[in-house]
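J.: In the numbering used here, each residue carries its 1-based index in the sequence shown increased by 843.
Just to be clear, a hint being listed does not mean it is correct.
[As the list claims (entries may be wrong)] List of simulated lysine to any residue pairs, SDA-like, C-alpha gap at most 25 Å:
#, residue 1, residue 2
1, K911, K924
2, K1271, I1061
3, K1199, G944
[Claimed, not checked] What follows is a set of in silico ranges between Cβ atoms, one per label pair, in the way DEER data are often shown:
#, residue 1, residue 2, range
4, H876, E923, 47 to 53 Å
5, E1052, N872, 52 to 58 Å
6, E1052, V1177, 20 to 26 Å
7, Q1056, D1221, 15 to 21 Å
8, H876, V1177, 36 to 42 Å
9, P1051, T1027, 36 to 42 Å
10, Q1056, G1201, 39 to 45 Å
11, P1089, G1201, 24 to 30 Å
12, N872, S1007, 49 to 55 Å
13, E1267, G1090, 34 to 40 Å
If you are wondering where the hints come from, they were derived from the structure by calculation, not from laboratory data. We put the CB at the ideal spot given by N, CA and C, even for glycine.
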Amino acid sequence: MPCDTRQSPMVIRVVLRFTGDADEEILVNTLNHAVSRYPLLSCRIGKKDGELTWLHGTPEPICVSYAKGSIFEPHSGHVEKSIDLSETAGLHTEIVMMEDGVKVVMDAHHAVTDGNGLRQVITDWLHLYHCAVGDLVPRLPVIDRDRLQQRHRFPQPAAVDPISFRDAVRNLMVTIKGRTSRWTRTARSGREHQRAAHSYCVEHLLTPEQNDQIQHRIREWGVTLNTLVMASCMSTFAQQSPCKSPGKHITFLNPTDLPLPSDRTLAPTKRFGFAFVRRRRADCLSPAQMIQSIHNEMLYVRSNYIGAEFIKGLSTVFRIPAGFKMLQWLGLYVPSMQWTCLGNVTRGGRRLMLRKDGVLCFGLLKLATATAFASSSDQVPLSIATCEAGSRITLTVRSSPAFISAEATNSFAAALVDQMCTFELPAKESAGKVIEESQGC
């Protein structure tokens, strides 16, 4: 894959923290059961009749280890994880038994699952564990494996009218017009860049007070977590990036879900598209003035199935010899940063597991936190992600060493959390009604 490189491996990481006592054997067995429901998680890429194709295989063995310390220590630092799908399956899992609970680290190649798909696997796993330790009958839906053959198609929903040619041209011009604000590359030799081919990650487990501050702002503005984080990121980037040109556009890449009703039985890799949100750097210095316009833009993208247009265009480019390299050379569709939201991992489990005092329980285990780390992208300095477990929000920032040092990454992450928690509140007369969306973020 041209976008899966040593400097930017397409690997999503999810970290789960559980408190309470766990049955190690059942934990491993039920995870293997959950993974077996989704064939892509066990496949490898190989050649058949001279062409690359998915080959059936076995899942990667689950690693179980023991360590001292607390599960709540931040999961930050340098990450070198990559997954070669020609040699291994696309999901690698480590279960760490610690003094105050269990910590699970799941690394998945983006070709076999996206964030929502990984959340689906986690929900299945926790339900199966809950049933196994409680001697209950599992109530998971049957997965339609044949639908995997259709996951690359984006049929227009019957309830959504196709966009006009005029709107398509306008959307294209809005996406590519004007120069993009970019983080300056670090002055390193080629050998130093090779040694620094890993990314640097920062994890913030938001405190209950910080969660309350963010939720208060979401309610007051009548927006979603997705919109609040986007406006906060663009503002933080405008303040922290070395590029100070007010006329350049800060370009934000945000994956958007494009599910069909029948996709509820589709295995982990869902249908999703991309939204490119752009604002002049000068406008980003006042985030409160742009948050409503960002919210309206994302409503337009989702309600009109706009996210699929980029995927269809990219598919066309790949059919042109050297088409993708030409896009990279032109610098088109290379964002200032990217952001994704794994969503609330407890959402799909509400009907499958026991909930006590707002916390999901299975056996004697309780889900304390869930954290998502977005995959890094080629030529993109920052990848930001949020995740929720009930009312607990976690935020991560992953940076490319070709652009940003570890110190600057820590500074950016701290400034972003502060921006989200202190985001200016709207005047009472302009506060909108809370908008509930099916994805909840």
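J.: All the hints need checking, so say for each whether the structure fits it.
T.: Cross-check of the supplied hints:
no., hint, in the structure
1, K911 with K924, "holds (23 Å)"
2, K1271 with I1061, "holds (14 Å)"
3, K1199 with G944, "holds (18 Å)"
4, H876 with E923: 47 to 53 Å, "violated (30 Å)"
5, E1052 with N872: 52 to 58 Å, "violated (39 Å)"
6, E1052 with V1177: 20 to 26 Å, "violated (37 Å)"
7, Q1056 with D1221: 15 to 21 Å, "violated (35 Å)"
8, H876 with V1177: 36 to 42 Å, "holds (41 Å)"
9, P1051 with T1027: 36 to 42 Å, "holds (38 Å)"
10, Q1056 with G1201: 39 to 45 Å, "violated (18 Å)"
11, P1089 with G1201: 24 to 30 Å, "violated (45 Å)"
12, N872 with S1007: 49 to 55 Å, "holds (54 Å)"
13, E1267 with G1090: 34 to 40 Å, "violated (24 Å)"
Violation of the numbered hints given earlier is confined to hints 4, 5, 6, 7, 10, 11 and 13; the remaining hints are satisfied by the structure.
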